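Letter by letter, the chains look like this.
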Amino acid sequence: MDTTGTLFMPPGHSTFAGEVDSLFYFILYAAAVFLAIVVFGAVFFAVRYRRGRKTIASPGPSHNTALEIIWTIIPTILVVIVFFWGFRLYLKMNIPPKDAMEIKVTGQKWFWSFDYPDGASTVNELVVPVDKPIKLLMSSRDVIHGFFIPDFRIKMDVVPNRYTVTWFEATQAGVFDLFCSQYCGKGHSEMLAKVKVLGEREFSDWFVSGTKAGEGMSLADYGAKLYISKACVTCHSIDGAANVGPTFKAIFSQPVRLSDGSSVIIDENFIRESILSPQANLVAGYQPVMPTFQGILNDRELDALTAYIKSLKQ
Amino acid sequence: MESLPERNYLNDPRGWKSWIFTLDHKRIGMMYLAFIMASFVLGGIFAMLIRLELLHFEGRHLMGAQTYNQVFTLHGAIMIFLFIIPSIPAALGNFILPQMVGAKDVAFPRLNLASFYIYVFGAVFAVYSMASGAADTGWTFYTPYSATTNTSVISMTLGVFILGFSSILTGLNFIVTVHKLRMPGMTWFKMPLFVWGLYATAIIQVLATPVLGITLILLILERLFGIGIFDPAMGGDPILYQHFFWFYSHPAVYIMILPGMGIISELIPVFAHRKIFGYKAIAFSSLAIAFLSFLVWGHHMFVSGQSQYAGMIFSFLTFLVAIPSGIKVFNWLATLYKGSISFAAPMLYAFSFLFLFTIGGLTGMFLGALATDVHLHDTYFVVAHFHYVMMGGTVMAFLGGLHYWWPKMWGRMYNEFWAKIAAVLVFLGFNLTFFTQFILGSKGMPRRYYNYPDQYHSLHALSTYGSWILGLGFIIMAVYLIHSFFRGKAASGNPWGGLTLEWTNNSPPPKENFLETPTLKYGPYDYDRPLAEGQGD
Numbered sequence: 001m002d003t004t005g006t007l008f009m010p011p012g013h014s015t016f017a018g019e020v021d022s023l024f025y026f027i028l029y030a031a032a033v034f035l036a037i038v039v040f041g042a043v044f045f046a047v048r049y050r051r052g053r054k055t056i057a058s059p060g061p062s063h064n065t066a067l068e069i070i071w072t073i074i075p076t077i078l079v080v081i082v083f084f085w086g087f088r089l090y091l092k093m094n095i096p097p098k099d100a101m102e103i104k105v106t107g108q109k110w111f112w113s114f115d116y117p118d119g120a121s122t123v124n125e126l127v128v129p130v131d132k133p134i135k136l137l138m139s140s141r142d143v144i145h146g147f148f149i150p151d152f153r154i155k156m157d158v159v160p161n162r163y164t165v166t167w168f169e170a171t172q173a174g175v176f177d178l179f180c181s182q183y184c185g186k187g188h189s190e191m192l193a194k195v196k197v198l199g200e201r202e203f204s205d206w207f208v209s210g211t212k213a214g215e216g217m218s219l220a221d222y223g224a225k226l227y228i229s230k231a232c233v234t235c236h237s238i239d240g241a242a243n244v245g246p247t248f249k250a251i252f253s254q255p256v257r258l259s260d261g262s263s264v265i266i267d268e269n270f271i272r273e274s275i276l277s278p279q280a281n282l283v284a285g286y287q288p289v290m291p292t293f294q295g296i297l298n299d300r301e302l303d304a305l306t307a308y309i310k311s312l313k314q
Numbered sequence: 001m002e003s004l005p006e007r008n009y010l011n012d013p014r015g016w017k018s019w020i021f022t023l024d025h026k027r028i029g030m031m032y033l034a035f036i037m038a039s040f041v042l043g044g045i046f047a048m049l050i051r052l053e054l055l056h057f058e059g060r061h062l063m064g065a066q067t068y069n070q071v072f073t074l075h076g077a078i079m080i081f082l083f084i085i086p087s088i089p090a091a092l093g094n095f096i097l098p099q100m101v102g103a104k105d106v107a108f109p110r111l112n113l114a115s116f117y118i119y120v121f122g123a124v125f126a127v128y129s130m131a132s133g134a135a136d137t138g139w140t141f142y143t144p145y146s147a148t149t150n151t152s153v154i155s156m157t158l159g160v161f162i163l164g165f166s167s168i169l170t171g172l173n174f175i176v177t178v179h180k181l182r183m184p185g186m187t188w189f190k191m192p193l194f195v196w197g198l199y200a201t202a203i204i205q206v207l208a209t210p211v212l213g214i215t216l217i218l219l220i221l222e223r224l225f226g227i228g229i230f231d232p233a234m235g236g237d238p239i240l241y242q243h244f245f246w247f248y249s250h251p252a253v254y255i256m257i258l259p260g261m262g263i264i265s266e267l268i269p270v271f272a273h274r275k276i277f278g279y280k281a282i283a284f285s286s287l288a289i290a291f292l293s294f295l296v297w298g299h300h301m302f303v304s305g306q307s308q309y310a311g312m313i314f315s316f317l318t319f320l321v322a323i324p325s326g327i328k329v330f331n332w333l334a335t336l337y338k339g340s341i342s343f344a345a346p347m348l349y350a351f352s353f354l355f356l357f358t359i360g361g362l363t364g365m366f367l368g369a370l371a372t373d374v375h376l377h378d379t380y381f382v383v384a385h386f387h388y389v390m391m392g393g394t395v396m397a398f399l400g401g402l403h404y405w406w407p408k409m410w411g412r413m414y415n416e417f418w419a420k421i422a423a424v425l426v427f428l429g430f431n432l433t434f435f436t437q438f439i440l441g442s443k444g445m446p447r448r449y450y451n452y453p454d455q456y457h458s459l460h461a462l463s464t465y466g467s468w469i470l471g472l473g474f475i476i477m478a479v480y481l482i483h484s485f486f487r488g489k490a491a492s493g494n495p496w497g498g499l500t501l502e503w504t505n506n507s508p509p510p511k512e513n514f515l516e517t518p519t520l521k522y523g524p525y526d527y528d529r530p531l532a533e534g535q536g537d
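Heads up: the protein sequence lines correspond to chains A and B, in order. Counting along the first sequence from 1, when you hit position 186 you're at 186 in our numbering, and nothing is skipped either side. Counting along the second sequence from 1, when you hit position 496 you're at 496 in our numbering, and nothing is skipped either side.
Okay, chain A solo, but in the shape it has when bound (with noise of 0.2 angstroms):
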């Protein structure tokens, strides 16, 4: 199968990247030969039969029946053809295999989470086996998201109150992008997350030592690195500017202003209740759109975020 993308479509890494091309590419050469025939047609007519000095034109026909018949029948069975094709492949793109294996995947504004069958959860990093096929369960704690990883060829909204469906099968070991297709806010175009396919050993290893992350580092290095893992990076910088939340340079033992008027100090009691119930205490200036991560964070996470702010000095 080809992995390095054509001109028009990206590299595709599952099982069924290779069939959606071929019929993106029978559709595109068939759509070429008649764009051809317009262009072709009307440029031979417009040079052949353009006006002189004199308006004369040879009464033409203004009607022929055989032709008419044929620029019907032809285009007809045509899209007769490409419906039944991407109509069959479209079925198999939405049924998932019954040895599957399922992934919880959540979107919410403006992050994703993924949760496996033991237990173990990810934000915004789908870890997957290659070769296995792997069936995604969605739904969504807002408004709707779109769940899409253009290298595997699959799209399906994320919708709040029901489930939805889609599965893959990866071919092939990589890092490769998962977008939010369905327009969700401010935060849209950062609704971005990473598919890592690993090896079936490499992925068995990942998914022990999932649940021991964190162990032998720091607080605040863990912190660190749960600030992009969690996707606390999206909408909180850590150089100064302000995003869609504040950010958390510099930021402990500070004063803070609260929508409602009041002014308290940040300490770890505030960060660990804005994490968990981020409308209690909002800071003036801000929506009130941040999720709850309660839930998403254990008591060791929320401990590392704690230390990581904290660590932020300046």
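Hints were generated in silico from the structure; no laboratory data involved. On a predicted model such as this, the values are computed, not experimentally measured, just so you know. We treat Cβ as the ideally placed atom computed from N, Cα and C, and that holds for glycine. Be careful, since some hints might not be right.
[Stated by the list, open to error] Covered stretches of chain A (in silico footprint by chain B; criterion: 3 or more residues with CB under 8 angstroms from a CB of chain B, positions within the stretch not fixed):
hint : segment
1    : 17-26
2    : 64-76
3    : 135-149
[Unchecked claim] Residues on chain B that point at chain A, a partial pick, calculated with CB under 7 angstroms:
hint : residue
4    : G15
5    : G228
6    : G305
7    : T372
Following the hints, complete the assembly by docking chain B onto the known chain A.
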């Protein structure tokens, strides 16, 4: 300077009051035209801002993410609801339709004026929403986002709701005019094809627009009172909104393109000096498209989570619409055969239309096919497809029609040289701007992105350069049209040698359209009849 006919609709009667209370369809059409062109300029400025931002020049941003989201929402909402939907029917249609069927006016002149003021009223709401924290939902107003964002969704949707009534009334007026006011002898199959196009459009306007009104009212009630019809937290269904919205908005795409097809069916016979090929096929394909347009809305929802079987049916019906559209293209092409083809500016737009609309239609096949749509949905491929059909199709037809009927509207010619330059610049700029977006989209670039990964940068930059060429073309057009409006050479009654009835009267026409009762001596495309000889030059 040569003089215009002493008494015409522009100076009879005089005074600003005679304009704002006018019942003359020509004046109402021209007032619409002024507002529509202003909307086009406004929407165009937002378009240029979008492209300028996406250039990410030296990695810098022109505006913040929130502002960007508001700018693309305003671009879409203004272009769709204030410009393109009323553009051809309300401005050009109002001006030409009664003249084409040999009538003095539309069937309900007062309703016509009311529809204009409703349009203005709706536009005021839409513009007010810009000043009061413009909506950031995209022109589709998808729930639950639109029900929860704190931007001014209500004033924008209320504006669109009001604009809908203007559209319904225009449609109603045209249907009755076509049925009741055709001159004696003008049977259905002697009507110009532009009239057929407007008639098919009017049916969709009357039947589909109320659904949009209902949907937007439900959205407003949802925001104000939390009635919970779309809110999942209260047991509502956000997907239901998409069904409601597209049940209008897909037919609306045909409200936008059918009148454009009608204009092209006028331009090609006139400038090829040839009888239209397959008159009945073109007329019936307009009706077929209008009918099928109600049955394909689900193709906007192939990846929304709707059932695979619904997807199958909508995909199949979508492909059926391709057939009548294809038939029209072949008929226009065949009309050129053995013609006497002129390259006047309106015909350049007709050629642009043929090329761009064909690409727009053919790229619809990639999106109608279920498996390829999964990959292309919500990417720049859709953005490019939509712009090829709407701008490459409808706007090119609108510009062709604007140039074609310009002498009839004002009694003055524009500068043909500059008009040709502008038409070529618009064509080249358009392709550079939007063809690159097909590639961007198929490579996976999602739409409505403020930031994007580096691999898409060079194509985005090319697209932005294209938008500058496009913008230059429009600036040149504005200059020579404004010049023509004040200082253009006087136009004859029939500068193009057209056979439809509006060319039998003066330019500009008298208030009552025809000085003498018009008679039907020949059909609208009878360039092969001896009677037609000597028409034009």
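Here is how each hint holds up against the structure:
1. 17-26: holds (count 4)
2. 64-76: Since three or more residues must qualify, the claim that chain B covers the segment 64-76 of chain A holds, with 7 doing so at under 8 angstroms.
3. 135-149: holds (count 5)
4. G15: Violated - the Cβ of G15 of chain B stays beyond 7 angstroms from chain A, reaching only about 42 angstroms at its closest.
5. G228: 11 angstroms, violated
6. G305: At 4 angstroms from the nearest chain A Cβ, G305 of chain B passes the 7 angstroms test, so the hint holds.
7. T372: 5 angstroms, holds
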